[in-house]
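Visitor: Sequence:
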Amino acid sequence: MLSNVGEADAGHPDVSRRRRWLIVLLLFLVQVANSADKSVLGLAAKPMMQELGLDIEQYGLLASSFYSLFAVGGLLVAFFVAPHVRPRHILAALLFIWSVSQLPIVFAASFTTVIACRVLLGMGEGAGTPTALTCCHEWFANKDRNMPSALVMFGTSAGFLLAAPVLSYTIQLFGWRAAFLACSLLGVAILALWLTLGADGPFRATTSRADVPSATHRAISQRAIWSDPTVIGICLLGFAAYWLTGFAISWLAPFITLGLGFKLLDAGWVLSVIYASHALLLLSISFYSQRLLQSGRPSRLARGVIMGLCMAGSGVAFAVAAMVSDISIKLVAVTLATGLPGPIYPLLASMISEIAPAAHRNRLLSLILAGITTAGMLSPALAGWLISGNDASGWSQALLLQGGVAAIGSLVALAMLHPERSIQRFARLGGQ
8 MLSNVGEADA
18 GHPDVSRRRR
28 WLIVLLLFLV
38 QVANSADKSV
48 LGLAAKPMMQ
58 ELGLDIEQYG
68 LLASSFYSLF
78 AVGGLLVAFF
88 VAPHVRPRHI
98 LAALLFIWSV
108 SQLPIVFAAS
118 FTTVIACRVL
128 LGMGEGAGTP
138 TALTCCHEWF
148 ANKDRNMPSA
158 LVMFGTSAGF
168 LLAAPVLSYT
178 IQLFGWRAAF
188 LACSLLGVAI
198 LALWLTLGAD
208 GPFRATTSRA
218 DVPSATHRAI
228 SQRAIWSDPT
238 VIGICLLGFA
248 AYWLTGFAIS
258 WLAPFITLGL
268 GFKLLDAGWV
278 LSVIYASHAL
288 LLLSISFYSQ
298 RLLQSGRPSR
308 LARGVIMGLC
318 MAGSGVAFAV
328 AAMVSDISIK
338 LVAVTLATGL
348 PGPIYPLLAS
358 MISEIAPAAH
368 RNRLLSLILA
378 GITTAGMLSP
388 ALAGWLISGN
398 DASGWSQALL
408 LQGGVAAIGS
418 LVALAMLHPE
428 RSIQRFARLG
438 GQ
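For the sequence shown, the positions run 8 to 439 when our numbering is used.
Be careful, since some hints might not be right.
In silico lysine to aspartate or glutamate, EDC-like type, Cα no more than 20 Å apart, as pairs [as the list claims (entries may be wrong)]:
| hint | residue 1 | residue 2 |
| --- | --- | --- |
| 1 | K270 | E58 |
| 2 | K270 | D62 |
| 3 | K53 | D273 |
| 4 | K53 | E64 |
Hints are computed from structural coordinates only; laboratory data are not their basis.
Work out the full structure: start from the sequences and follow the hints.
Guide: Following this line, the structure appears as structure tokens:
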């Protein structure tokens, strides 16, 4: 298959399993830092808004500012850096940016400063997840990538899970600025580990003509790649999933504190339970998908249909959360609604790596995973506009909007994702 052209042979008996899983652990920690950086604004929202005199709409702008250059950062890396620089070096540079961008908030907080720092942080984090997944995929063959990818993405859930109580207590004891300082120090520590222990894997994609035989390098145009129905479906599904993620990152904590009336520390524990549930959904669904692949089921079923069902379940749960008044039911529904999109990312990334011609894999993965994050810029701002009245109807409208987006994503996944067809098509175009 062309998708495997340029990969190392699937055997690789000399590659230490311990080494592979050490890399996965490091990338897990990278995602922990990534999600802690994202969540700190929501956790600090209430005291920060009070001190800086911000209203709901202004907070919505702060939340959206993180995503204003998020995709731009990812696209710059995809176009100009990924084709020439090894992913592990890119990841080290990104970790440095994440750490530095938190510091001005600690020492010179204002509405303008927070926006500027969140814009810089977002630009730095735009390529974070695709780069981490690319590093992960270098260590595993296609049929074995779902679970390692899920474990890397589990770092996102674990970051939210740990950040909620830890940063809530930090804010309670030392003030909201201390939470941003803690995120900066965490990034520095993980950067040191990555520089010491990180390495390239044996299944890395090709980056130059010299890496592959000439017969396998017949030109496949960018138009042919981007016009492929599965690639288009992946982009649309990813956009819908990240729309929901952007809402959850920016508004889940305020929903618990402002919408449902929980106190800060209580909200921290509620969020921990929610994020633990997200982690369980991520790992169990990804494990089930990988078992389907290993039993010989097609990727169309094992990845595509599974992703469609996740989005459908999320849409139903958002609708339930919007329509019921019981707080317990709302919490369960919101937990499912915001957790079911989680498995989309490892499965989506694995499908991209599966179908992409090897010489194009790093760029395609970075471009798609960066491009879909533009949804995260739109979703929080629109939700903030709907919620601005800060009454029950505003929250309900915002939840129903997310449900509609999830339903559209489900239909796209079920109708458009046919990876086996795409692999055959690219093989024909590449002369395989």
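Visitor: Each hint: holds or not?
Guide: Evaluation of the provided hints:
1. With a C-alpha separation of about 17 Å, the suggested pair K270 and E58 falls inside the 20 Å cut-off, and the hint holds.
2. Pair hint K270 plus D62 holds up; C-alpha atoms about 19 Å apart against a cutoff of 20 Å.
3. With a C-alpha separation of about 14 Å, the suggested pair K53 and D273 falls inside the 20 Å cut-off, and the hint holds.
4. For the suggested pair K53 and E64, the alpha carbons sit about 13 Å apart, so the restraint of at most 20 Å is met.
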